[in-house]
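Protein chains in written order, with the working numbering: chain X, 1 to 217; chain W, 1 to 920.
Keep in mind that the hints were calculated from the coordinates and are not lab data. Each residue gets a CB set at the ideal place from its N, CA and C atoms; glycine is no exception. Incorrect hints may have been included.
[What the hints assert, rightly or not] Residues of chain X placed beyond 10 Å of chain W at every Cβ, according to the derived structure: (1) Cys16; (2) Lys24; (3) Glu45; (4) Val69; (5) Asp80; (6) Met98; (7) Ala129; (8) Ala164; (9) Asn183.
[Claimed, not checked] Below, in silico cross-link-like pairs of lysine to aspartate or glutamate (DMTMM-like), each with a Cα-Cα straight-line distance of 25 Å or less: (10) W:Lys34 <-> X:Glu42; (11) W:Lys676 <-> W:Glu705; (12) W:Lys34 <-> X:Asp132; (13) W:Lys876 <-> X:Glu117; (14) W:Lys475 <-> W:Asp497; (15) W:Lys849 <-> X:Asp132.
Given next are the chains, with one letter for each unit.
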Amino acid sequence: MTRYVMVADLRRCVGCQTCTAACKENNGTPVGVQWRRVLDIEAGEYPDVSRVFLPTGCNHCDKPPCMEVCPSTATGKRADGLVTIDYDLCIGCSYCIMACPYDARFKVEDLAYSYGEANAADQARSNPAEFDGVVSKCTFCIDRIDAGLAKGLVPGRDMEATPACVQGCISGALRFGDLHDPNSDVSQLIKNNKYFRQHEEEGTGPGFYYLWDKGAP
Amino acid sequence: MSLKQKAVPEAVTSVPSYCYNCVSGPDLMTVRVKDGIATAIAPNHDAIGIHPAHGRPCVKAYGLVQKTYNPDRVLTPMKRTNPKKGRHEDPGFVAISWDEALDAVAAKLKDIEATGKLDENSMPRVAATFGHGGTPASYMGTFPAFLAAWGAIDFSFGSGQGVKCVHSEHLYGEFWHRAFTVCADTVQTRLILSFGTNVEVSGGPCAVRRHADARIRGIKRIQIEPHLSPTGACSAEWVPIRPKTDAAFMLAMVHVLLHEARRDQLDLAFLKDRTASPYLVGPDGWYLRDPDSGKPLVWDEVSERAVPHDSPGIRPALDGTFEVRNVAAHGPDDERIAYDHVAARSAFQVMGDTMRPYTPEWAAEVCDVPAGTIRHVATEFLDNACIGETIVVGGRTLPFRPVAITLGKTVNNGWGAFECCWARTMLACLVGALEVPGGTLGTTVRLNRPHENRLASVKPGEDGFMANKLNATGKGKWADKPTGRNAHKPLIPIVGDSSWAQALGPTHLAWMFLKDAPKEWAKPNPPDLWFAFRTNPAISFWDTDQIIENMAKMPFVVAFAYTMDETNHMADILLPDATDLESTQIIRVGGTKFVEQHWEHAGIIIRQPAVEPQGEARDFTWITTEICRRAGLLEAYNTAINRGAALVPLKREHYDYSLAIDQVHDVETIWDAVCKAATHELTDGADVKDLAWLKTNGLFVVPFEKKDWYLLPTMEDQGLRFEMPYQERLLKAGIELGRRLHEHDIHWWDTQLKEYQALPTWHDVPHHWLKSTRDLGGHPDDYPFWAVTTKSMPYTTGNNAGIPLMNEVAQNLRGHGSVVMNAGAAKKLGIKAGDWVEVRSPISFTRGKAALVQGCRPDTIVVQGQYAHWKTPYAKDLNFPSLNKVIPLSMELTDATGSGADLVRVSVTKVDGPLAEDAR
Chain X
1 MTRYVMVADL RRCVGCQTCT AACKENNGTP VGVQWRRVLD IEAGEYPDVS
51 RVFLPTGCNH CDKPPCMEVC PSTATGKRAD GLVTIDYDLC IGCSYCIMAC
101 PYDARFKVED LAYSYGEANA ADQARSNPAE FDGVVSKCTF CIDRIDAGLA
151 KGLVPGRDME ATPACVQGCI SGALRFGDLH DPNSDVSQLI KNNKYFRQHE
201 EEGTGPGFYY LWDKGAP
Chain W
1 MSLKQKAVPE AVTSVPSYCY NCVSGPDLMT VRVKDGIATA IAPNHDAIGI
51 HPAHGRPCVK AYGLVQKTYN PDRVLTPMKR TNPKKGRHED PGFVAISWDE
101 ALDAVAAKLK DIEATGKLDE NSMPRVAATF GHGGTPASYM GTFPAFLAAW
151 GAIDFSFGSG QGVKCVHSEH LYGEFWHRAF TVCADTVQTR LILSFGTNVE
201 VSGGPCAVRR HADARIRGIK RIQIEPHLSP TGACSAEWVP IRPKTDAAFM
251 LAMVHVLLHE ARRDQLDLAF LKDRTASPYL VGPDGWYLRD PDSGKPLVWD
301 EVSERAVPHD SPGIRPALDG TFEVRNVAAH GPDDERIAYD HVAARSAFQV
351 MGDTMRPYTP EWAAEVCDVP AGTIRHVATE FLDNACIGET IVVGGRTLPF
401 RPVAITLGKT VNNGWGAFEC CWARTMLACL VGALEVPGGT LGTTVRLNRP
451 HENRLASVKP GEDGFMANKL NATGKGKWAD KPTGRNAHKP LIPIVGDSSW
501 AQALGPTHLA WMFLKDAPKE WAKPNPPDLW FAFRTNPAIS FWDTDQIIEN
551 MAKMPFVVAF AYTMDETNHM ADILLPDATD LESTQIIRVG GTKFVEQHWE
601 HAGIIIRQPA VEPQGEARDF TWITTEICRR AGLLEAYNTA INRGAALVPL
651 KREHYDYSLA IDQVHDVETI WDAVCKAATH ELTDGADVKD LAWLKTNGLF
701 VVPFEKKDWY LLPTMEDQGL RFEMPYQERL LKAGIELGRR LHEHDIHWWD
751 TQLKEYQALP TWHDVPHHWL KSTRDLGGHP DDYPFWAVTT KSMPYTTGNN
801 AGIPLMNEVA QNLRGHGSVV MNAGAAKKLG IKAGDWVEVR SPISFTRGKA
851 ALVQGCRPDT IVVQGQYAHW KTPYAKDLNF PSLNKVIPLS MELTDATGSG
901 ADLVRVSVTK VDGPLAEDAR
């Protein structure tokens, strides 16, 4: 059984937003929708201050609270751990946005393109109109995973089959792979480092692991 | 299921290319193209194992798709119809044909050639300005061949060079260790002391990856900086130092090593053999020399007498005062001094005596940093230096000294930068950590040649040091009139006289002198023709109102235009070049380059048209060829290409790919020849590739020896010493320069002359800015904050202000487009987060929203980036503040190297809202 998870090594992340940009460009998300976003967090009081960069997005939970509240069954969960949204079923009620403890879901109220009208690249990349009126979120680049698997590639190891944010991450902070493969990069990183998961106490079983040696930021 | 679950379409192709939008590149990328449209940027993972960042470009590259399809692009040649120029004059641009545009440029060039390429003041009538750090050259195809074919070009109108770059580091770094820029040997070091270096933001993917790997390995980095930048955030310790007092901190570190550490804790062998520490200094401040050979003397502990420094079998004394007889000294202007009997101190002793007052307790007051912090930083530096350890690199045994110091902007330019650069280099010397594995390294050269091999630029010079060519200051040799409008040759000996020297000279003086020139020199005329490419000094320099006013005096401006902007608002002709994803160029890649591009490979990389150019945009090489053809320069242009102006010589002893000089060659033919010549050169002819091969494969590299990351082996092989600690040559140049200037009744450079010292002594560096405030009519008490600037990666030097994707992702970072200030200081002023505030200096003001943080000194504010656009589409609506509006262009804030620092005293007050559009 496969369980895909994301690992963010906070010791590496510099907050450059390359993952955010790579995600937006590869997934053609509308203005203001950031499935992968890196938060800039400060703690303490001058002069004893720390600042940390925290990549966020859908945690692809074991028990997704978003799925629980979805009245249209648009939100689903695959056997490999990926939490999905069927835009044809989504009625845009936004219950899932309220239920998600990770602030990971987006609903576009006023669809906009970067320069007003959709340009050639907007049209060639995807159809942003498909986001209109529905809720969206990080898919772990499900299309890349499935296309890669069809070619016999290993997500997380072969970049063509790996989420765009991980592929683009310049510091090597973001990693992806199968938690149930003990030899995968993510399994090894989780095994050999201190880590935390966000809102673990809520029992969601998040699939986003943060490597950090200084306690939760 | 319509689950946004689409397989990558078969019609999608992936085109290899490069991003060199900032000096931290070039980095690799691929362009995803679907049905002839670029849809996304992705890494080039074929370069894993070759590119230090595994083929990944930074966030800026992801903006190139939007850049290509920006509807605000200039897509036809245009001409100005309103002869009046100024911010508030409508240029009245109208579209014209390429023929009309090119003929107009060619006609102007022919007119100038007929009149004479130099004007009545001996200044070039043609000037050219390119943007950040030479990177435009990676996008302007064969334009350098036009520049070479033409000859006299004034490069001295900067867009920020000298005041926005690491200017003093460029000059002193290259002088002392062939280090146009300086970095840590991050892959091997254990401790980095980073004085304001923002490497996690502006270091590019290679630096970010190296530092991330180093953190996992256990490196410790201490960030010493007034605010908590991303680099500080990723460091083990943050030391919030008072702005512009870094030199005091570092002088105190030198004090600790010299006066608190045991002498045998230092790298004595390095100091004695690879530096001038043992050279004897006489009472007049000059090296004592052998009267016959003129060589500097050292005290030999074996024979107990003074002997030439390169005498075999000697044991030079490091410390001490000695009585010496029958020696000579060489003063300024070839003065010869003879001593029968004189007391001499070693340069090391002189340094020790000079540094004695600079205790950590003294520095604590200056820097507002506890003495204990300064002492522990110095001690950790010493403790981690591993003196005595060695490492084998490429078969050569080298010292292993895993401690490094890096300096950021505002630390390494402007007043105080000389002291900082000296102290950084000297601290490395004290522990033998200069240009060795783990230590402080140079990256590339620009004032010396060859640019592609800094090791080959080392040649034996005077006194056991490497040769450095300074601008002459001797009587009868000094250039008594400027040869470029920034006066780099008469004023700045250390910058030399290469084309890079012009562009590095005090470029703000070129702008300032258009308004008020020194009475002793003829007032310069604006150039008859000014070319501008990838540059926007109208917003990127200081006192932008004055810059705009001066720019409007340019009679004929040719701008290679991407969109309308604040600078090409003054243009007469706009030429739309095919930009990043649309055109062809081959450049060098790998080896050691700016910032932290240290590769174990070197070679060439191609940028190729992933998509057809938008509108009528044309490849820069085609534009250049046509200008040259129409201006009657074709043969000279082709000759320049053959000589190497497009990358490498097309003809050498063992190969000939040269182009017929009397023919017009198309873009592909030119780059095919360049590709073959470059690969021939890289492989000695064993593996020659053509353009088609390079387009498919993206890059061609051969191994680059890691040993060549370090300068020490070259210095050892040539028996040379680093010119530290004592600066006899610079002191002499300063005295001579002062004499020459005074002989011409020039006294307005006297403050700068004081910077020429044999050893740095502390002067009240921040006082320069307090005095400037007063001289501009303000009272320092009314301007209680230090205002500094910083960057974010989406914007660092990328000219990305018109790209919405960059703005969207940068908003995730604190302070983007805002005025960052300490929350406690803001509270005292009644300022809440998000309030509009006005930042005012004696010359002007800017407005932005307040972003309140704890990670900033209470006496300091931070205004990020370079904005305040009023013409650039999209950017002009952002309404962001810009420090450039409020920093004066000022002679008194210019140091002896011709550089200034991004720093100004300001007031901060709460206001109701943004400025009206016209007032921005």
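These are the hints, each one checked on the structure:
Distance check on Cys16 (chain X): its Cβ comes as close as 4 Å (rounded) to a Cβ of chain W, failing to clear the 10 Å threshold; non-interface status is violated. With a closest Cβ-Cβ approach of about 7 Å to chain W, Lys24 (chain X) is found to fall inside the 10 Å limit, against its non-interface label. The beta carbon of Glu45 (chain X) is not kept farther than 10 Å from every beta carbon of chain W, the shortest such distance being approximately 5 Å. Against chain W, the non-interface label of Val69 (chain X) holds: every CB pair exceeds 10 Å, the least being about 19 Å.
With a least CB separation of 13 Å from chain W, Asp80 (chain X) remains clear of the 10 Å interface cut-off, as annotated. Residue-level check passed: Met98 (chain X) sits 22 Å from the nearest beta carbon of chain W, beyond 10 Å. The beta carbon of Ala129 (chain X) sits about 12 Å from the closest Cβ of chain W, which is more than 10 Å, so the claim that it is off the interface holds. The beta carbon of Ala164 (chain X) sits about 7 Å from the closest Cβ of chain W, which is not more than 10 Å, so the claim that it is off the interface is violated.
Against the 10 Å criterion, Asn183 (chain X) stays outside the reach of chain W, whose nearest CB is about 19 Å from its own CB. Pair hint Lys34 (chain W) plus Glu42 (chain X) does not hold up; C-alpha atoms about 42 Å apart against a cutoff of 25 Å. About 23 Å separates the Cα atoms of Lys676 (chain W) and Glu705 (chain W), which keeps this hinted pair within 25 Å; it holds. Between the alpha carbons of Lys34 (chain W) and Asp132 (chain X) the distance comes to roughly 24 Å, so the proposed pair stays at or under 25 Å and holds.
Restraint check for Lys876 (chain W) and Glu117 (chain X): the C-alpha separation of about 19 Å stays at or below 25 Å, so the hint holds. Under the criterion of a C-alpha separation no larger than 25 Å, the hint pairing Lys475 (chain W) with Asp497 (chain W) is consistent with the structure, at around 18 Å. In summary, the hint linking Lys849 (chain W) to Asp132 (chain X) is not supported, as the alpha carbons are separated by about 32 Å, beyond the 25 Å threshold.
In summary, the numbered hints that this structure violates are 1, 2, 3, 8, 10, 15.
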